[in-house]
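Asks: Residue strings, one per chain:
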Amino acid sequence: MKIERGRYLTQNIAKILIWMAALSTMAVMALIVFQVLWEGLPVLSLSFFLDSPRSMGREGGIFSTIIGTFALTIVAILFATPLGVGTAIFLWEYTREGRISRTIRFGIGCLAGVPSIIFGLFGFVFFVIYLNMGWSILSGGLTMAALILPTIISATEEALKAIPYSFREVSYSLGGTKWQTVTRAVIPSALPGIFTGIILGICRSIEETAVVILTAGSSLLIPTSLFSPVRTMSVHFYILAREGISMEMAYGTGAALILLVLVVNIVANFLLHRYARKKT
Amino acid sequence: MSTGNKIAIKDFNFYYGSLQALQMINLDIRANEIFALLGPARSGKTTFLKSLNRLTDLVYGASHTGTILLDGEDIYDPKISLTQLRRRVGIVFDLPIPLPMSIYENVAYGPKLSNKTQKKYLDEIIEKALRSAFLWDEVKDRLHTSALRLSGGQQQRLCISRILALDPEVLLLDEPCSGLDPISTASIEETLSRLKKEYTIVLVPHNIQQASRVADRVGFLLDGKLVEEGPAFEIFTRPKNKKTEDYISGKFG
Chain A
79 MKIERGRYLT QNIAKILIWM AALSTMAVMA LIVFQVLWEG LPVLSLSFFL
129 DSPRSMGREG GIFSTIIGTF ALTIVAILFA TPLGVGTAIF LWEYTREGRI
179 SRTIRFGIGC LAGVPSIIFG LFGFVFFVIY LNMGWSILSG GLTMAALILP
229 TIISATEEAL KAIPYSFREV SYSLGGTKWQ TVTRAVIPSA LPGIFTGIIL
279 GICRSIEETA VVILTAGSSL LIPTSLFSPV RTMSVHFYIL AREGISMEMA
329 YGTGAALILL VLVVNIVANF LLHRYARKKT
Chain B
18 MSTGNKIAIK DFNFYYGSLQ ALQMINLDIR ANEIFALLGP ARSGKTTFLK
68 SLNRLTDLVY GASHTGTILL DGEDIYDPKI SLTQLRRRVG IVFDLPIPLP
118 MSIYENVAYG PKLSNKTQKK YLDEIIEKAL RSAFLWDEVK DRLHTSALRL
168 SGGQQQRLCI SRILALDPEV LLLDEPCSGL DPISTASIEE TLSRLKKEYT
218 IVLVPHNIQQ ASRVADRVGF LLDGKLVEEG PAFEIFTRPK NKKTEDYISG
268 KFG
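Protein chains in written order, with the working numbering: chain A, 79 to 358; chain B, 18 to 270.
These are calculated hints, taken from the structure and not from any lab test.
With a straight-line cut-off of 30 Å between C-alpha atoms, the simulated DSBU-like cross-links for lysine-lysine are:
1. Lys242(B) to Lys257(B)
2. Lys145(B) to Lys357(A)
3. Lys357(A) to Lys137(B)
Starting from the given sequences, assemble the full structure and let the hints guide the process.
Replies: Put into structure tokens, the structure is as follows:
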């Protein structure tokens, strides 16, 4: 009896601790979101989204920074997705585990651990100065692509690993080539995982500041080409708050950022569920 | 090349790295027969089947000596098309592995791999394949629903249709009934007996009774060696080898 009670006590304490861990995580997250939304939501209006910033962002809206955010993210994803997915397919489907694949994987791990400011510095030196691309969407997008590459590679690789070997065997046994097997039997099943990696990449590019400041500049003008400098919403938030231009507008931008990330995730979830339903 | 032999295996040895899985196999498999390969677990049956359409090529470090002739042609000849070989010699695995797509797409998977297959013939090919595996009547109204929703027996017949859609010459079946109930097993056995009119079938049965029900000829594989082979009736009634006798009478296995 005594031992039994001890087991139940342990069980209950564990339960309480685990609940507390989960609840405090939720609480911290809720507090941050709540604070930003509390301060920022009253600022939001249609004109806040559709007007360009005036007098350094003290007045007007954040339209040009929304355009900047989208432009930079799209360029980053367009470059990082094929490269990242391709690398993951190479690593998992086309090479046997060996020195080469281990070296590449080690490199990717290191890349994932490099602080973003270092990426920013690299982008500044290489794209902005050496390739003479200036502060631009292209410089920023390419640097950002490098930053999110490890995320997409590992997400894709995990997705490929989760596909049973038997699917590949079935495809080969039906006369499929390696390429047909990868593209028809493996990738469709791995797509949700790959997609999740891309979404993580998108969110990362939306929230990143250091890379953008060093490689895309902080222009408040609406970009006209890939070589125009831009300011993203995150950078706008940072500059408004850091330089004490307008805390009110900073919180407005912050709230808009949170909403944007929320929308991206909701849409992504919706698409994933629809895809999963179609498959089973 | 003697007539009637679909597959001729000569002095065939197979190795996974340094481990020898098959030893000096000499065997002829005749056209339009069901050849059943018996043997205890890990005796090399699956390796034998997979070496007949070179799925063993996928295993790192695998090697072989000797020859396997399909219609007199060496299947390990570097000049032959591997994808073509696998279309001619189809395999069904021990567990049904439907790909996560619709019933239709599963059967269409093979034909669609070669660009020769035209869309308008595809529907016909798929209906014919599903009919041959006796699945058509059960699925004709839901061809575009996921294959994962079929029962185990239906999934295995789907896997057979998937092979038949390629119009192969040889069917390799690796314990195709291992996960199935007696009714599904009976329907698959019936399917096999009808299919042998058009195909040559090499079957690893999931028990000895199954071999006695469907096989024309039987081989007994033990530790990678083909101990005995001959007409099913002879093997089951008067096996020449003591080990074969012990195995089929259930003394080990």
